[in-house]
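Given chain A, work out where chain B should sit, using these hints.
Number of protein chains: 2
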Amino acid sequence: MSSKSGMEQVLVENEVQQVRLLDSVNDDHGGVIVELSESMDSKVFASMLKASLALWRSQGKRGVWIKVPIELVNLVEAAVKEGFWFHHAEPKYLMLAFWIPEGAHTLPANASHRVGVGAFVMNKKREVLVVQEKSGLFRGTGVWKFPTGVVDEGEDICAAAMREVKEETAIDTEFVEVLAFRQSHKSFFDKSDLFFVCMLRPLTFDIEKQESEIEDAQWMPWDEYVAQPFVQKHELLKHLVGICKAKEDEAYFGFSPVPITSRFPDQKSYLYVNDRDLKGSKVRMSQTA
Amino acid sequence: MSSKSGMEQVLVENEVQQVRLLDSVNDDHGGVIVELSESMDSKVFASMLKASLALWRSQGKRGVWIKVPIELVNLVEAAVKEGFWFHHAEPKYLMLAFWIPEGAHTLPANASHRVGVGAFVMNKKREVLVVQEKSGLFRGTGVWKFPTGVVDEGEDICAAAMREVKEETAIDTEFVEVLAFRQSHKSFFDKSDLFFVCMLRPLTFDIEKQESEIEDAQWMPWDEYVAQPFVQKHELLKHLVGICKAKEDEAYFGFSPVPITSRFPDQKSYLYVNDRDLKGSKVRMSQTA
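Chains as they are written, first to last, in full-length UniProt numbering: chain A, 1 to 289; chain B, 1 to 289.
Simulated from the structure, these hints should not be mistaken for laboratory data. Since we're looking at a predicted model, the values are computed, not measured. Treat the hints with caution; some may be incorrect.
Stated by the list, open to error - Straight-line distance between alpha carbons at most 35 Å, and here's what the computed DSBU-like set of lysine-lysine pairs gives:
no., chain 1, residue 1, chain 2, residue 2
1, B, 81, A, 134
2, A, 67, B, 81
3, A, 279, B, 245
4, A, 186, B, 268
5, B, 245, A, 67
6, A, 245, A, 124
7, B, 233, A, 92
8, B, 233, A, 279
9, A, 209, B, 134
Only chain A is shown next, with the shape it has when bound in the complex:
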């Protein structure tokens, strides 16, 4: 193995004269990241990649990432021939990965879960904010349901819940807490799903439905919502009715978001905790202190 590396190192020194190397930046884990942006012949790319790999190997680099925009799809095959594999993909790019050291790689696992939110929004007249959707599972069924949606890339769960309610009904809300969440599997192909049921407090009350996705929206008396046969039959919804009922009686506490700073000073994230219990516990601790 060491003689092979040696040979490649010699090759680097010869080839560096003739072959351009790929532009790369170092990552925080001893590896490099290449973002391709220039269109080129796949043979030219293959020789640049070979030379670059030999150099990175001689430098003791570990993981190699190549981000291929979809316009440069002609370069994917050459990289796979060099031993790269697919790490993840989004509509406009494919991320390829390669591990230089011997042994199993320690590159991060791909994203495995889609994250969704549902919003329980009740006004002081015991009416709940519900919609009928133009597409999806419930289209044409006449079922009135909580506003729901998918959390966007980089979006906080609490922000997503408020955004979905605003988009679908134009109602402004304040986030209260996560009441419960469900994890389910194989929701699309082999990927899983985490669905967070959130409680929000309405700040405005005039509904304006979203034309593109929403058939109808209304403030519906809670008992009417609960009486829908669909809600009675669906196991998750039956549980949620119990939770929302307990919440209404102020007998149930979920998780509320507490902003915390992550590793990087400029990066805020949210920790979701049972704040009522924590505060109660602090009161008790200070009383016994």
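Here is chain B on its own, set in the frame of chain A:
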């Protein structure tokens, strides 16, 4: 637009005689799924794809999925030329997508989050189960931390927490509840991260550390764990100390898993709820009934 479809429909009827179509199965949303498995020339594939697309269009199909195993990477470029885009990828395959109808597609969003777990396991001597890792952020720092890990594809959060503890320390546990969770962004490239802090009850007590990943493991007195400078400085860990302390005093309740049936009768999933509050609320309701 209709004349264009018409022309293609005629083309189908001509070409069906000469060109083999791609094998496909219908999905549940009016679309088709193609799983490529046979190696072929990319030009042959391109003409099969064109003919198949024309047929699917004439049949009123909507979304088209093509799963390309990495061995058949030579076929990706041809599909992209026909208008397919990258939907998601795993090491061994790339999933391509295409939307036949006019207007925006309604295909599911890709997975956006990786899911991790941390395990708080305390014995009756007020000792907490902690490890030192051989690699990662804490390597060589001397920091003792809760066992942590990534939730596998298709794995329940509660199962993942028990598995990680078992793998790293050989301790058998019973899952109690999710104490809190954190959502953070850009944890690798543009993907986000959901980290669930779980409490587990130990069922066995003899530690046997995992040789490959764990430098050391022990039952550590709780006060010693808390006194670590790293724990004192790290905002998330400081919060967790507060929660674990409240939990120890039985003053804190998180979310425990309730098995529910999903849409498909054979598919179980878990709803995580504040079970103590729910039960308390039911007791109160039955008392007032």
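Right, here's what the structure says about each hint:
Using a Cα cut-off of 35 Å, the hinted pair residue 81 of chain B and residue 134 of chain A holds, with the two alpha carbons roughly 32 Å apart. Of the pairs offered as hints, the one joining residue 67 of chain A and residue 81 of chain B holds, with about 19 Å between alpha carbons and a cut-off of 35 Å not exceeded. Note on residue 279 of chain A and residue 245 of chain B: the hinted pairing holds, with a Cα-Cα distance of about 12 Å set against a maximum of 35 Å. Our distance criterion of 35 Å between C-alpha atoms is met by residue 186 of chain A and residue 268 of chain B, whose separation comes to about 11 Å.
Pair hint residue 245 of chain B plus residue 67 of chain A does not hold up; C-alpha atoms about 45 Å apart against a cutoff of 35 Å. Between residue 245 of chain A and residue 124 of chain A the CA atoms are separated by roughly 14 Å; this keeps the pair inside 35 Å, and the hint holds. Straight-line distance between C-alpha atoms of residue 233 of chain B and residue 92 of chain A comes to about 40 Å, which puts the hinted pair past the 35 Å bound. Pair hint residue 233 of chain B plus residue 279 of chain A holds up; C-alpha atoms about 21 Å apart against a cutoff of 35 Å.
Pair hint residue 209 of chain A plus residue 134 of chain B does not hold up; C-alpha atoms about 54 Å apart against a cutoff of 35 Å.
In this structure, the earlier hints numbered 5, 7, 9 are contradicted, and the remaining ones agree with it.
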